[in-house]
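My numbering runs 4 ahead of the 1-based position in the sequence shown.
Honestly, the hints are just simulated from the structure, not real lab data.
Each hint should be verified, as a subset may be incorrect.
[What the hints assert, rightly or not] Derived CB-CB ranges, DEER-like:
#1 Gln128 to Leu20: 21 to 29 Å
#2 Lys90 to Ile13: 36 to 44 Å
#3 Leu24 to Phe98: 43 to 51 Å
[Claimed, not checked] Derived DSS-like pairs: lysine-lysine, alpha-carbon spacing no greater than 25 Å straight-line:
#4 Lys96 to Lys141
#5 Lys129 to Lys90
#6 Lys96 to Lys129
#7 Lys129 to Lys150
#8 Lys141 to Lys90
#9 Lys90 to Lys150
#10 Lys129 to Lys139
#11 Lys129 to Lys141
#12 Lys139 to Lys96
#13 Lys139 to Lys90
Using N, Cα and C, we set each Cβ at its ideal position, and we do this for glycine too.
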Amino acid sequence: MFLSVRAFIVSLIFALVTPLIIAPLVQVEIGEHYLVYFLVTLVTVYLGAVLSRSEASAEATSTADSGNDETEVEEENDDREVGTVKWFNSSKGFGFLTMDNGDDVFVHYRAIRGRGRRFLIEGQKVRFNVTEGEKGKQAENVSIVKS
Numbered sequence: 005m006f007l008s009v010r011a012f013i014v015s016l017i018f019a020l021v022t023p024l025i026i027a028p029l030v031q032v033e034i035g036e037h038y039l040v041y042f043l044v045t046l047v048t049v050y051l052g053a054v055l056s057r058s059e060a061s062a063e064a065t066s067t068a069d070s071g072n073d074e075t076e077v078e079e080e081n082d083d084r085e086v087g088t089v090k091w092f093n094s095s096k097g098f099g100f101l102t103m104d105n106g107d108d109v110f111v112h113y114r115a116i117r118g119r120g121r122r123f124l125i126e127g128q129k130v131r132f133n134v135t136e137g138e139k140g141k142q143a144e145n146v147s148i149v150k151s
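Starting from the given sequences, assemble the full structure and let the hints guide the process.
Next up, the structure:
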């Protein structure tokens, strides 16, 4: 979205204050040219905020579309358990996996292989190691099995 209210408000505040702070530092009198400095700063900061936000959202979309491809390469015959994602709350960063024998195992987002935002989708097949945590079984070294 090109028009972002939050980015505009922040840019407006920044543009009002910045010329007043910078002028004494560089020993320049901005009196009659304040409006020019204000407009240049406003446009620059606003465009920078909007463009960086659109880049970040495009990167997040491409990461979500790729589905953690760099982490999905699996060795078929490793000794990890195979299971299914029962549920995963991506905003809280945890969920549960169901092992093939029916037992549920807690999973935290830090146990998922990969970089960036790591999450699981209900019904996904995964491989993982099971450890005993303070409150029961816990998954470690979790990776998504390619279908």
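Hints, verified against the model:
no., hint, result
1, Gln128 to Leu20: 21 to 29 Å, "violated, 49 Å"
2, Lys90 to Ile13: 36 to 44 Å, "holds, 42 Å"
3, Leu24 to Phe98: 43 to 51 Å, "holds, 47 Å"
4, Lys96 to Lys141, "holds, 19 Å"
5, Lys129 to Lys90, "holds, 10 Å"
6, Lys96 to Lys129, "holds, 21 Å"
7, Lys129 to Lys150, "holds, 8 Å"
8, Lys141 to Lys90, "holds, 14 Å"
9, Lys90 to Lys150, "holds, 17 Å"
10, Lys129 to Lys139, "holds, 24 Å"
11, Lys129 to Lys141, "holds, 18 Å"
12, Lys139 to Lys96, "holds, 18 Å"
13, Lys139 to Lys90, "holds, 18 Å"
The structure fails hint 1 only (numbered hints given earlier).
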